[in-house]
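J.: Respectively, the protein sequence lines represent chains A and B.
Here my numbering is used: the first residue of the first sequence is 1, the next is one more, and so on.
Here my numbering is used: the first residue of the second sequence is 1001, the next is one more, and so on.
Among the clues, some could well be false.
[As the list claims (entries may be wrong)] Ranges between beta-carbon positions, derived for each pair:
(1) Val-1156(B) <-> Ala-148(A): 53 to 61 Å
(2) Ser-27(A) <-> Ser-1308(B): 29 to 37 Å
(3) Asn-1345(B) <-> Ala-148(A): 28 to 36 Å
(4) Arg-1029(B) <-> Glu-61(A): 44 to 52 Å
(5) Arg-1007(B) <-> Ile-146(A): 50 to 58 Å
(6) Ala-16(A) <-> Arg-1029(B): 17 to 25 Å
(7) Val-60(A) <-> Arg-1007(B): 26 to 34 Å
(8) Ile-146(A) <-> Asn-1345(B): 30 to 38 Å
The set of hints was computed from the structure by calculation and includes no laboratory data.
Here a beta-carbon is modelled for each residue, glycine too, at the ideal position from N, C-alpha and C.
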Amino acid sequence: MMAGMAGTSGAADDDAFVALFEEHYASLVRLARLLVDDRGSGEEVVQDAFVRVYGRWDRVEDPLRYVRRAVVNGARSRLRHRAVARRYVAPAEPDALAADDAAVRLAEHGEVSVAVRQLPRRQRECIVLRYYAELSEAEIASTLGISAGSVKSHASRGIAALSRVLGDEL
Amino acid sequence: MNERKLRDALRAEVVGVAPSADAFARLERRLDRPGRSAQRRALAVAVAVVLVAALVAGVVAFTRDPSTRRSPAGPTAGGAPRRILTVTTGHQPVVIDTRTNRVLVRYESHSVAEGTQLAVAPDGRSFYFVDGEANKGCQNHSIVRFGLAPHVPGTVVADEASEPAVSRDGRWLAFYRCLPGDARADQLVVRDLRLGGERIFTPPTDGQFGERLLFDADSNHLIYEIAGPLTDLRRIDLFAENPMPGVPLGLAQRLAGTLESGTRYLVVGPHVENSKQQAGDLVASAGPNPAVPGQRSEPFDGWFWLPSDVTSASADSTTRHVVAVSQASLYRWSRGDRTPTKIRNGVTAAAWIPNPRPPDHPSLAVAQDGRLRIYLEPASEVVRDVTPLPPGSSISAVPNGDGVVIGDPSPGCAPPAQIQRVGLTDGTRSPVALGRYPAVSRSGLVAYEIRCDGVTLGTTDLASGANARSDPLGGVGSEGSARVQHVQPIAFSPDGTQLLYIVQARGRGGSYFVGRVRKSGLIGSVRRLPIDESTMLTFLDDRHLMAAYSRFPFTVVRRVALSVGRRGHVQIGATMLRFRGAVTHLSADPIGRSFLAVLRGGTIITWRRDGRQLGQVASRVDSATWLPPQSGG
């Protein structure tokens, strides 16, 4: 595979990389989609992450953790880029949508995920990794490079904010 | 916040997100990996297997027994409407997507009076509900209509009113109305949504109006509840001379909706035990024939059971799909299902919203309240709010229906008024010419008044951009006569070869003229029509005009031949239409089949060539134009 590994483990590492891809690529794309709010950008972030882990395969202890962290960092980077770019673009007048267009747009952005998207970055990452990726607090802490206590605190604040916005009913 | 709900919502958000089919190939290219065709093939096979497995899983998930599925991803039975209107336990109207069970729209500023009924227009473009606190009859309650188009505020259609019901043909709105200070329903009102006007019925002598109010499936009969010594349902024929008190409807169960006119109804049978001996309500189909001596009543057809008690049940127009609310939970059921599927909690009432139909009538572009809006005629419903417009703007549709040409009414020349083309889908504007009062021909020639460089008649070809100037009084040369003070193009003939316009000239007042449209865009062979300027004119066809003139308090519409008789008089035909109000603007569609008049005060009246009046579409209108059918909604 992969020129960087050719002289070391060769086919065995190829298989491991392929296995990592087959097992986790789709779920990472979905994770990235939740973080960047755009399927195309999400898949690009995951592709970048796989390229990076491939380049460091022989130095990475836990490839999945590395890829996941790369995905979160990549998503963060994309959002930051988007925010900066947006500051230099004149705001467009909202499109006048037909009823069905609006319905489709709203359907794509359910109320919960819209509310999640409005959370501060750290809270959002903690919520998505906790409740979508089903990671433990320790795993989230490792992925985000923060302490387990911070994870707990961000997740708790995120849940409180969502409860305020969404309530317990609809 | 429920953690499980959050988890489910996040998963539901990305359930349809799958990697692109060439994901690994793209990755491989970026890895700069030497070709390993065998492994690539294996990978391709593996990816294909994963995709096929995902597809199979999706199909299995879609087709498995719906009764085993639960919120948030309920079943999507074939042909079921895509939206459900619900009322939450917080009294808010909320629209839910039936494919994802997610909230599409929440009408936060309104509170639905508890226990009152919802009514959805049969075209799926608007709905009615009762705004107010608690169910206190109709006192302090208003009926509000919301269009489902964006940027359109709700409108109060009746005060001191409750229990709206809309007929299946969309023509009638019925509701109960109280007299001020009285919580009881004193009147049963049936409003004609197309032509305006109301029929008002008082309660029969043997009781008071109750709560239920439903149109039968044929739209010609209305079922009301009489609350006397015995609560009873009565069915009245709206076209009968004396409809009240109507015929008793022999239903022993609680009426929830109509399925087939006069023969089948959606009912709720209370206190029915299921197979586990649990007491609940049975949602069923029933006929109206009661038991008579020596004969049993018609058996009802039980559809599904729910825990007590069912507060709301509604079938769609196919009668195959039902939504019901029991114990603040929303359920849906389709024929063939063993049991209903629970969709979500926190709901007190629900009704299907029919999928919007493509417009089967022409649409109108309307300059109203400083906005350019598209109305679906004759449903009187805004289907698109396009863009702001200067007050008093005039508009005319372009031939392919994807836009209109608008004219700023400003008379000044610094800067001069501009004529612009506006796209109906995105509101984009492009300049056409400097002038006022645009009228567009079927071939895309725009005629207008040039004001700031000598008052004259201008034309611009939308396709080529070629301009021409013509003397509106028919003089030779391109410069307008110095006597001309004002030119207003009215309309082109359907074949585009003639232009009708008004000229005000010094010393002559206003007169109608018709000119021939030449290929160059110049207007020639001009002749003055012996018709007073106070009469509104437009083309009926290539050889006739339609004239609307005032006979206070009415306006009379008649056909007028373009050819002038031997004595110089126009030949006036029979009266086509007569209606109340004074006309300020008259317009025909491009093929001369549908017509409209804007009345003083801004109401639009529409009618067909055969004189059949269609409706009153909107109010506070400055100008309006017909659009080809493909551009509506």
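J.: All hints are to be evaluated individually against the structure, with a verdict given for each.
T.: Evaluated hints:
1. The hinted range of 53 to 61 Å is satisfied by Val-1156(B) and Ala-148(A), whose Cβ atoms lie roughly 56 Å apart.
2. Between Ser-27(A) and Ser-1308(B), the C-beta spacing of about 43 Å breaks the proposed range 29 to 37 Å.
3. Taking the beta carbon of each, Asn-1345(B) and Ala-148(A) are about 34 Å apart, inside 28 to 36 Å as hinted.
4. For the pair Arg-1029(B) and Glu-61(A), the supplied restraint of 44 to 52 Å is violated, since their beta-carbon distance comes to about 27 Å.
5. Distance hint check for Arg-1007(B) and Ile-146(A): the Cβ-Cβ separation is about 22 Å, which falls outside the suggested range of 50 to 58 Å.
6. As the Cβ distance of Ala-16(A) to Arg-1029(B) is approximately 20 Å, the hint placing it in 17 to 25 Å holds.
7. The hinted range of 26 to 34 Å is satisfied by Val-60(A) and Arg-1007(B), whose Cβ atoms lie roughly 29 Å apart.
8. Taking the beta carbon of each, Ile-146(A) and Asn-1345(B) are about 36 Å apart, inside 30 to 38 Å as hinted.
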